[in-house]
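Take the given structure of chain A and dock chain B to it, following the hints.
As you go down the protein sequences, you meet chains A and B in turn. Residues in the first sequence are numbered consecutively from 0, following numbering that gives the first Met the number 0. Residues in the second sequence are numbered consecutively from 0, following numbering that gives the first Met the number 0.
Everything labelled a hint here was simulated from the structure, so no lab data went into it. Some clues are possibly wrong.
Label pairs and their in silico Cβ distance ranges [as the list claims (entries may be wrong)]: (1) A:180 to B:72: 30 to 40 Å; (2) A:210 to B:367: 19 to 29 Å; (3) B:72 to A:414: 47 to 57 Å; (4) A:410 to B:80: 48 to 58 Å; (5) A:95 to B:441: 49 to 59 Å; (6) B:294 to A:306: 33 to 43 Å.
Derived BS3-like pairs (lysine-lysine); straight-line CA-CA distance at most 27 Å [as the list claims (entries may be wrong)]: (7) B:118 to A:290; (8) A:290 to A:403; (9) A:105 to B:118; (10) A:113 to B:105; (11) B:295 to A:118; (12) A:295 to B:118; (13) A:118 to B:105; (14) A:118 to B:290.
Ideal Cβ placement from N, Cα and C applies to all residues, glycine included.
2 protein chains.
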Amino acid sequence: MTTKMAINAKELFRNQHRLIRFIEQSIRMCSNQTLKQQQQQKTQLEADFQITKSITSQLSTAVPEPIVHDEDVGQQFAASALSVRLATPQQLQPKPDNAEELGFGKLFTDHMLKIYWHKSLGGWQKPQITPLENLVMHPAAKVLHYAVELFEGMKAYRGVDDKIRIFRPNMNMHRMNLAAQRSGLPTFEGEEFIKCLSRLLTIDSEWVPHTEAASLYIRPTLIGIDPTLGVASSDSALLYAILSPVGSYFKSDETGAVSLLADPSYTRAWPGGAGNRKMGSNYAPTINVQKEASRKGLQQVLWLYGDDHQLTEVGTMNIFMLFINEQGEKELRTPPLNGLILPGITRDSILALTRQWGKFKVSEETFTMHNIVDLLNKGRLLELFGTGTACVVSPVNRISYLGKDLYIPTMEQEKPLHETIRETLMDIQYGKVQHPWSVVIE
Amino acid sequence: MTTKMAINAKELFRNQHRLIRFIEQSIRMCSNQTLKQQQQQKTQLEADFQITKSITSQLSTAVPEPIVHDEDVGQQFAASALSVRLATPQQLQPKPDNAEELGFGKLFTDHMLKIYWHKSLGGWQKPQITPLENLVMHPAAKVLHYAVELFEGMKAYRGVDDKIRIFRPNMNMHRMNLAAQRSGLPTFEGEEFIKCLSRLLTIDSEWVPHTEAASLYIRPTLIGIDPTLGVASSDSALLYAILSPVGSYFKSDETGAVSLLADPSYTRAWPGGAGNRKMGSNYAPTINVQKEASRKGLQQVLWLYGDDHQLTEVGTMNIFMLFINEQGEKELRTPPLNGLILPGITRDSILALTRQWGKFKVSEETFTMHNIVDLLNKGRLLELFGTGTACVVSPVNRISYLGKDLYIPTMEQEKPLHETIRETLMDIQYGKVQHPWSVVIE
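The shape of chain A in the complex, shown without the other chains (with noise of 0.2 Å):
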């Protein structure tokens, strides 16, 4: 089939989803042509970052334990009986034909998946796949007063092989359960909400972009709906995930780094707080701040704590540094998990690497701002980036911190540990690698 025939058909068949995907399909077989050319052309990873399959558990900073459901959370609910109502043709949406252009969350996919919680029905419902659509609520509902309300953030990518995967999927499911436990909203199976998930990945499988620029944000949300005002756990929850096909999530300056706004006054997070759980009231107080930092011609808010300035997030991220220490070793360190951090995926992933790359050390301590500052005046810091979901790596150039600048040579590094970093990442995200972590949707 042509591509010429092939729009040919597109125009005419334009609202028959199915159609649609066989020819869409069609097109892509002849472009792997090029993708699998471009595979050829990359060169192998260098020895020294060499991947191998096997991660040991030892290495993973955070191996999900079990969840325990509470007695009155009820009955879960299966996969198996998972209802599907497809969109109408008229109720599809144009993808989009720009994926690297799409920016962050903005456009939606055409269908969603829903799962709801009744105390008084004895737990969780059926799950259901529907078509994108909005949720009707009482304007007394929890998650509207008391932000009783949870998200996780995952993607959906194309591999060069054409197969859609996901990262890591059981790390999000344990991290969004722990999220449920602490907003008293009721736990579930996360290896059946999976299951669901991937059927709906399935359904708007066009919709994951054709291009390493770009993949298929997945938003897995949970929030109370119980319509009373009382502070109190929700009797009533919905469980949804929608997808969005996103570019990159930051702007970033032409040398794809970030400028930090570093204000000791805001704190993100606090010990007895829930700043490690993945809830949406971690969320709104940093908005304002983010606010300020923009004004100021700066990207993000480096997040800081305590009196001794201790970094502890950049913007949603997480945050690493290289940097030679006292022994005169190179050292990759970060935060520790020590309640005032997002035990974030991306950053087990990279702890768990580097450890096995075994090139450096990698360390998981506090870190403050005047160990910033000394660093750069004796010349041995050398990278300082973020690290999540959404961007991967983004390297940091720039913190404004008290009144002065202070610059950071992230890019000026000859071979940069952000990038190799990313790529190796990414060269497991999109399939060029085999690797445990990456968990292709059937």
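Relative to the frame of chain A, chain B by itself:
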């Protein structure tokens, strides 16, 4: 008109809300005779605590400053543009018989107030009163993911003169606007909102309970509804108000007092956070801690802060302590507005009243669990109580702290201050005394 006639008429015209109101008002005219007798029987407030009509602004600890709107908020809304769509007779809900047994925020009135803000349409849109109805929103709405939401708690009281009053509404509007600024949500003209709200209260006036054991709780709410997943200011928002007839907020024991869990491993607010703003994000992380208190047979959480275990708030209330100080004086103390404390309107009113009384020392100073234990040991702790719109005053008789039970003699005082305060505030709120804080809805 006799009561029997009225009941028959009520049966006949159940769904005709104008007629019902007329009839119910007639019934009230009869029962007002009883109320007036009760009022006459009630002895005048003790001279010691005589209320004067003028509260000098000097005595008020938090005089609201005018809100300065950001340029990008755009046009403001005006109450003069308010549109009203009344519920159909079929939509009207029966009013509860026993207002005292309502619980808190489970039942709602027939109408609601809605005002949309759309950046793309130039700012605030026309206010509208509609039947109480579900909200319809995109599953990516920011309020569902990043807790872009804030609220207020107010009450409408039916006075002994059958007039409906609200209490210091300008304070709520000021606090709500401060929360909007902190959340990257649009600010608005509080006075215009109160005018719209007054109209809503007039329409649903028969929902204001005819007893001092209940009132009509008002829940103004502001949410960000922009359907995009970036953690950023919302380009669309909805300001709305719903009304709920409420009885008492807390389950207390037979004495009317509550017991508290004081666990220093949980923290409600932190310097540099948003604990001093009535944002949804302050509440979600408290739900699980409240559940833990319940599991231990305790009614509320006493929120501590810092290594010295400072008392900050109790449940969703401010906290006050009456004690004999080092100088042998009686002193009423509450923590200062240091950023960790919600600036309660009941708190502010109690400070202003008791300072005006001039009968004991009144201070805004930090106090710790060590102070509590020490004062208890020395027999100098007299009363401990929470204060807030929902409960007015809630006496505390026990604190579970580090595995020990501390018994507080709040209920054992001969002429307890918290009762005098409650009566004074309720006399103002229910119109038994005329006072500038109480605003009659015309």
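Would the pair residue 113 of chain A and residue 105 of chain B pass a check requiring their Cα atoms to be no farther apart than 27 Å? 26 Å, holds
Distance restraint between residue 118 of chain A and residue 290 of chain B, which requires alpha-carbon spacing of 27 Å or less: Given pair residue 118 of chain A, residue 290 of chain B holds - Cα atoms ~16 Å apart, limit 27 Å.
Holds or violated: residue 290 of chain A to residue 403 of chain A, with C-alpha atoms at most 27 Å apart: Measuring from Cα to Cα gives roughly 19 Å; hence the hint holds.
At the C-beta level, are residue 210 of chain A and residue 367 of chain B separated by a distance inside 19 to 29 Å? 59 Å, violated
Does residue 118 of chain B sit within 27 Å of residue 295 of chain A, going by the straight-line distance between their CA atoms? It holds: about 22 Å lies between the C-alpha atoms, which stays within 27 Å.
How does the Cβ-Cβ distance of residue 72 of chain B and residue 414 of chain A compare with 47 to 57 Å: does it lie in that range? 49 Å, holds
Between residue 410 of chain A and residue 80 of chain B, does the C-beta distance stay in 48 to 58 Å? Holds - the Cβ-Cβ distance for residue 410 of chain A and residue 80 of chain B, about 54 Å, lies within 48 to 58 Å.
Holds or violated: are the alpha carbons of residue 105 of chain A and residue 118 of chain B at most 27 Å from each other? 16 Å, holds
Would the hint linking residue 118 of chain B and residue 290 of chain A be met if the CA-CA limit is 27 Å? Measuring from Cα to Cα gives roughly 16 Å; hence the hint holds.
Confirm or reject the claim that residue 95 of chain A and residue 441 of chain B have a C-beta distance inside 49 to 59 Å. 55 Å, holds
Status of the given 33 to 43 Å range, CB of residue 306 of chain A versus CB of residue 294 of chain B: For residue 294 of chain B and residue 306 of chain A the Cβ distance comes to about 35 Å; the hint holds.
Does the Cβ distance between residue 180 of chain A and residue 72 of chain B fall inside 30 to 40 Å? At 39 Å between Cβs, range holds.
Going down the numbered hints, you'll see the structure goes against just number 2.
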